[in-house]
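Enquirer: Chains as they are written, first to last, in this note's numbering: chain A, 1 to 319; chain B, 1001 to 1333.
Hints are computed from structural coordinates only; laboratory data are not their basis.
This structure is a prediction, so every number in the text was calculated from the model and none was measured.
Be a bit skeptical, because a hint or two may be false.
[As the list claims (entries may be wrong)] Listed next, the in silico SDA-like pairs over lysine to any residue satisfying Cα-Cα at most 20 Å (straight line): (1) K311(A) - S1228(B); (2) K1154(B) - S1011(B); (3) K1154(B) - D222(A); (4) K1104(B) - G1138(B); (5) K1104(B) - W161(A); (6) K1104(B) - W236(A); (7) K150(A) - W161(A); (8) K311(A) - G1138(B); (9) K1178(B) - G1138(B); (10) K311(A) - R1075(B).
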Amino acid sequence: MSAIAASSSSAILPNQRGWLGALSDRFWRQPKLFVFLLLLPALLWLGIVYVGSLFALLLQSFFSIDEFSGLINYEFTLKTYAELLRPQNLDVILRTVSMAAAVTLASALIAFPIAYMAARYARGKWKALFYLGIMLPLWASYLVKVYAWKLILAKEGILNWVFEQLHLTWLLDAWLSLPVIGGNSLSISYTGTFLVFLYVWMPYMILPIQAAIERVPTNLLDASSDLGATPMQTFWRVIFPLALPGIVAGSIFTFSLTLGDYIIPQIIGTSAFFIGQAVYAHQGTAGNIPLAAAFTVVPIVIMGLYLWMAKRMGAFDAL
Amino acid sequence: MTSAVSLQTVSRHFGAVRALDEVDLEVGEGEFFAMLGPSGSGKTTCLRLIAGFEQPTLGQIRIFGDAVEGVPPYRRNVNTVFQDYALFPHMNVRENVEFSLMLKRVDKATRAREAEAALELVKLGGYGDRRPGQLSGGQRQRVALARAIVNRPKVLLLDEPLGALDLKLREQMQEELKALQKTLGITFIFVTHDQGEALSMADRVAVFDFGKLVQVGTPEEIYTKPNSRFVADFVGSSNVLAPEFVETIAGERRWASLRPEAIHLLRSEGGHSALTGTVVSRSYLGATTRLGIELGGTLLHAVVPSGTDVPADGARVTIGFAREALHLMEDAG
């Protein structure tokens, strides 16, 4: 009782926590200082490590390589970018972008119903199970998953076996005999590369869509129904537009991850290069850092364009 | 009077909870009908049943004579103004108001005209291009109203539409809603937990408690002749008098209600049932002052005109009221 009386005898309570208390007082008086300190590590990381190296990379792409000596010529030139437009390099870009687009589209189509189900209907332990099911593959090593898929897709693999048991081998063969997407077996065709990309990036599509759908208040659905919209109309007029930012967020993941990946196409698929592999090869054995840098700029530009287009289409209006 | 909405022993159970329990209710055409009750009393469930968002567990609902069992909300000619407005954030004000017309495939020009007319009706003409996020609470409320009346429903349901507005705006909207209902001639069913709102706006009021419909009547009936302790207490903070006390002043051993404003202070002995007590609290309300008076263990509240002759705390006063003001209730408690 006496201790309480002593501490409350003055209008201002004493600082009982030493320099920590003084620091708290200072932050309370200058909240901006606190925010600055919180942001500092992130700013250093983003500013120096990320933007800095990005800038260095951009700089490299404006140099060129002396084809005769293999040495880098440190003079500003657009020659390296011109080289990107050579048919064999343009092929790499086109192949990668088409694959990224196909993977994005397919994963959006598959992810949406899953995300919708989870956001609207799953409750309690079913929701936990959903998260576990989506996240579990992310905890396993990426390489293990890719090699596992190589076995699944191989000619002696389980997928072929399943098709055989179902007497559907003819269907698989017909698919593999298609130009471009076909091949000798699934594991060395674009179809195989596509399937593995689809599997590996799927969680990155499901989670943002699920979050977006979950944020749609149920009373908007009631309102839509009340105003005469059938469930189908409510879906297209209310749920879908409001889930669009989630789809765009998910597609940013799947699209950019596919654009940059160089392991999956190396292990599964044809021997033709994707951008990531081209970068890897040019900066490594070939020693052509400027061309590798120019290749790296391509996904950055494409993503920039993509985001700009998404914004213009109003994908972020509801945010 | 034709029935716009009629509920016949309607119940809605959520598991073991009886959100609505055997409610019989008739709402007349063109009526401004209020459903009043504390939260959890079943009034909103009742509204959602009429709108079609919920299906009754038992009983039948008719809207203008048609049984609506199994009829989805989008096929009911009934529109709702939601408590938190439920405006579509990805559409501007006009698109929100046009929504139902667009679904009906009304052509663009007519749509725009009707939407503008509805917006003008709620005094928001020219706001069509704004986004809901750019509007104040009161304006959003009006958009929600315009959106609900644009296709002239048979019944308009309002779920605590004024709950989120501040007092001044609420009073203004009460008058506007009343005027709007007169202009449109649509049946309004209005859910509120604010007894003042219900009494001032509605033609008739239904009072709900614990899923039961307790009393239906005109505001005056509800206010002056509450049929139960709950209604007396909930509608207008009436004095609820215990049977023992009533027996001493009225000779009947029943619960009774006595309006605070029916009590007047007497200088001398007289009147039908004068009693003497002590003033224990005093709150100044502007034109009136609310007094707490203790009469032999019973606390009564009296509302008297403010002025110089209001007794001070601790003063001995004698109270009086007309015999008719003492309303004996049916329930014995």
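Enquirer: Against this structure, judge whether each hint is valid.
Expert: Each hint, compared with the structure:
Taking the CA atoms of K311(A) and S1228(B), the gap is about 60 Å. The hint is violated against a cut of 20 Å. Only pairs whose Cα atoms come within 20 Å are accepted, and K1154(B) paired with S1011(B) is rejected, the gap being roughly 23 Å. This hinted pair checks out: K1154(B) and D222(A) have alpha carbons roughly 18 Å apart, not beyond 20 Å. Only pairs whose Cα atoms come within 20 Å are accepted, and K1104(B) paired with G1138(B) is rejected, the gap being roughly 28 Å.
Of the pairs offered as hints, the one joining K1104(B) and W161(A) is violated, with about 53 Å between alpha carbons and a cut-off of 20 Å exceeded. Between K1104(B) and W236(A) the CA atoms are separated by roughly 15 Å; this keeps the pair inside 20 Å, and the hint holds. Distance restraint check for K150(A) and W161(A): the Cα-Cα separation of roughly 14 Å lies within the 20 Å cut-off, and the hinted pair is therefore satisfied. The suggested pairing of K311(A) with G1138(B) is violated, with an alpha-carbon distance near 30 Å, which exceeds 20 Å.
For the given pair, K1178(B) sits about 16 Å from G1138(B) by alpha-carbon distance, which is consistent with the 20 Å threshold. Note on K311(A) and R1075(B): the hinted pairing is violated, with a Cα-Cα distance of about 36 Å set against a maximum of 20 Å.
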